[in-house]
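For reference, the chains in residue letters:
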Amino acid sequence: MKSAIIVFPGTNRERDMAIALEKASGTAPLMVWHKDSEIPDVDLIVVPGGFSYGDYLRAGAMAAHSPVLRSLKEKASKGTPVMGVCNGFQVLTETGLLPGVLMRNAGLKFICRNVGLKVETSQSLFTGGYEDGQVLSIPVAHNDGNYFADNETLDRIEQNGQVAFRYVDEDGAMTEAGNPNGSARNIAGVFNKEKTVLGFMPHPENAIDPAVGGTDGRGLFDGLVRALS
Amino acid sequence: MSITNTAITPEIVAEHGLSEDEYASILKILGREPNMTELGVFSAMYSEHCSYKSSKKWLKTLPTEAPHVIQGPGENAGVIDIGDGEAAIFKIESHNHPSFIEPYQGAATGVGGILRDVFTMGARPIANLNALRFGSPDHPKTRHLVGGVVAGIAGYGNCMGIPTVAGEVNFHPAYNGNILVNAMTVGLAPADRIFYSAAAGAGNPVIYVGAKTGRDGIHGATMSSTEFSEDSEEKRPTVQVGDPFTEKLLLEACLELMATDTIIAIQDMGAAGLTSSAVEMAGKGGLGIEMDLAKVPAREENMKPYELMLSESQERMLIILKPDAASEAEARAIFDKWELDFAVIGTLTTTGHLVLKMGDELVGDIPIAPMVDESPEYDRPWEPTAASAVVDASTVPAPASLTGALKSLIGTPDLCSRRWVWEQYDHLIMGDTAIRPGGDAAMVRVRDSKKGLALTVDCTPRYVKAAPETGGAQAVAETWRNITATGAKPLAITNNMNFGNPQKPQIMGQFVGAINGMRAACIALDYPVVSGNVSLYNETEGAAILPTPVIGGVGVIADIEKRGTVAFKAADEAIVVIGETTGWLGQSIYLREIEGREEGAPPPVDLALEKKNGDFVRGLIETGSVTACHDVSDGGIAIALAEMALGAKGLGADVTPEDGLAAHAWAFGEDQARYVVTAKNAEGILKAAADAGVPAAVIGKTTGNGELKLGTGDSISVSMLRSQFEDWLPDFMAAS
Amino acid sequence: MKATVHVTLKNGVLDPQGKAIEHALGALGFGGVNQVRQGKFLELDLGETDAEKARAQVTDMCEKLLANTVIENYTVEIEG
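Chains as they are written, first to last, in the working numbering: chain W, -11 to 217; chain G, 47 to 782; chain V, 97 to 176.
Hints should not be assumed to be uniformly reliable.
[As the list claims (entries may be wrong)] To be clear about the criterion: a stretch of chain W counts as covered by chain G if any three or more of its residues have a C-beta under 8 Å from a C-beta of chain G, and this derived list gives those stretches:
no.: 1; stretch: -4 to 6
no.: 2; stretch: 39 to 51
no.: 3; stretch: 87 to 101
no.: 4; stretch: 127 to 141
no.: 5; stretch: 185 to 195
no.: 6; stretch: 198 to 207
In case anyone wonders, no lab produced these hints; they're calculated from the structure. Beta carbons are placed, not taken as given, at the ideal position from N, Cα and C, and that holds for glycine.
Bound-form chain W, shown alone (with noise of 0.2 Å):
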């Protein structure tokens, strides 16, 4: 599988991203610059976690009017996978490339923690490392993860089956003391409707490692290994 990532200058979480990618793929990722106005030719394009642009007027809003981010969009519309993660999520929202909006945490303040995380759908190229329905602990980190959609919208992802994760208590069920941010319905991440395009704020790059947070982010690089190679 050969992947690149997208980096903008306040990016932060592309080592972590590139680590977990060439883990699993034993490739290293190629890291594309912001102002680059072409992505080369790979099998998934990643936008990883950071700050873009310092996140000064909403979180991605800059960065999703860079350079990369036509030749990322052109792309995309031909189908060529694209992952954000974090601020990457705030970017394709952003874009319009995915649904929704993510607004400030509900409870105003920057959380950094493990969260329970439910796989909605394993058909997907993405999560087909796991099971439907399996929970996962992934930490999240961010200031804004509260994912936002009017009812319309979240009536139709949820019947599209754009939803990929859910926020879960300890317990796997999706209540309010499992929602970290406030984000509607629980959602922590979305496809597109061809589900070529996910995006979710919590960072299974964190979590490959048994001596450092965990195993449960493997899955996911695994899976897309297996869909993509």
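For chain W, the structure is supplied; the task is to place chains G and V on it using the hints.
Same frame as chain W, but now just chains G and V:
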């Protein structure tokens, strides 16, 4: 000499925090009156912050050398060899006064400043820590300050992508008007690629990089060196505003530049901005420096030389580049890529003078060596702190039940969970956090290796106040113990000396005592000081803070898989206390919180015992003989056991107080040099301890029932303790 | 010429910051504050001298970047 002279009145001199003697020395050095810009430069250089004038005499007595020390105090940060060709670079620094005035920005720029100190030496920062001290929870400002400081640290560190992995938070009325915000950064660099600040090569260009200069923070260095008065809150405009995004760019640009072969010297612009960076670089190199201030990238119009020299705008660096055009072009291209300012603002000279121009106009000319050599150094009068009486444990009433007292204690401000704080810090980014916040020391893996660094910050100010020498030694010993409890070998420390007004002999006596204790501990534990920071005049309306010499410790472990952690692992394991328990209640949290008595002599620190017990415990962890390990500190054995149970799910403990001691003194006494460990088999440990001459005793065993039982018929559920432990801080912050 | 832009959350979109401010005002004894909504205020110094063109330009900026129209409304004012 075309330097235009504003009349310098005694009032202006006083406003610049300079004494009459200091001003007389300035007149002698210049052979004339200074102009305002020059006076500003002298004022900054002679401030406590830059000159260490009250503390230098004593700081010099600390041990700073060891075979593994690459660079001790005197540079931007200390550097130690951690093996395999790698170096750890670290320092702690205070941002106390700015954080009190504007907590978010004060704390944020504190983090930004210490990060620059570390990456200016060529290191990629891999961990942040902080030590925070706030006033009483009842004080009307406390909640606002806690919220702002924590958010500021989070806002800066998280955006930079550096994990904040450890710290301490305490509350005490002595900090009501003067909180402490001490931030520490640890970075990694190849041991043969360290960058220093001493300039070299007359004629070489002086380059300014980073953010533009505005009027922020003018007089920060002098402000941070004077006592607070009620009108301090009016000083708000002088607080700098941080821009972590720009700092992230500066970090990446500097590291990229450092990978080239173009840099001769580099120095960040921290307190006293361009003044201290230019003087330090040229001074250390024995050179002069000439700068055209008109070339400094300015954020505001019509900035005066005085303002340009003293601005504390953040996210700026000064670099001496190799003189060839190719080097400059290479460097410029890197800063262009990161969209940062890059300006040649001067050259190094052989004159030994700091020469300042504004275009063609000469606006300042100061001989550097005399300014630095004549920098004031005071031998301030000091009085030793009177010894406090030892509290006889038998005079301290026993609680109705030990678990009842434990339940109260674990929900007090100083012992409750800090989760509310550290969940706001991204402590996982970089993917190397092997021990997360909440343990004894944090541990971060050295990327692409099995090696880990154990990191901690500690101080017990109430001990220091009661007995400065014991308290100073205890602060050092506690970091050493916390690192040891993870299985790592402690290597070196950085210190942040937070004290009151040194012109008061009692305060100076606290300082001297603490230094003496620290020195003894550093020598006994082979644990040198490699960097540090001094913050004096932490007083409001004449009332000083508790003397707070915060110690940041760094240790190394060869294999993170072998690390020791706090949580109980399984039921039916033996619980062993290593070290001697006498039931010392003087200055204990128990005495303060349950009896309302903040008094007595603190527990003595026996450094030889500390070393012997710690080396023994480290050996146990290394050989895999123990399943969990926790040091015993605030709150004693009972709190240590509770924390070990809280870290596990569904486990508890059944222990019996030692015969011959009052049960509450045994449970809550704070004797030093102790650890609680668990083991499948205690016999081997007891035998090894006896052989090593280390006190060790089995006090009970872990259980699978989720209860903590402290002696016959006295037990409490761990889930009850958990809610006490977890709820206090969030409830406090949510209240209004 | 100068343009000013106000960006506000659409009605019905939860505004946790506004709620927090509302709560704090209540705690400070300011009664009778029924609701607080927090927004953004931007000042733009434009080279354009034609007011209508400037308005069109800034509106376009709002649509593309300054506001996220999924959750935010905006108003544009042109001065001088």
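Hint-by-hint comparison with the structure:
Check result for the stretch -4 to 6 of chain W against chain G: holds, 6 residues qualifying (beta carbon to beta carbon below 8 Å, three or more required). Against chain G, the stretch 39 to 51 of chain W contributes 5 residues with a C-beta closer than 8 Å to a partner C-beta. That satisfies the three-residue criterion, and the hint holds. Only residues whose C-beta sits within less than 8 Å of a C-beta in chain G count toward coverage, and the stretch 87 to 101 of chain W has 5 of them, enough to reach three; the restraint holds. Residues of the stretch 127 to 141 of chain W lying with their CB closer than 8 Å to a CB of chain G number 3, which satisfies the three-residue condition for coverage.
Taking a C-beta to C-beta cut-off of 8 Å, the stretch 185 to 195 of chain W contributes 3 residues in contact with chain G, enough for the three needed, and the coverage statement holds. With 3 residues bearing a CB less than 8 Å from a CB of chain G, the stretch 198 to 207 of chain W meets the requirement of three and the coverage assertion stands.
Hint violations for this structure: none, all hints satisfied.
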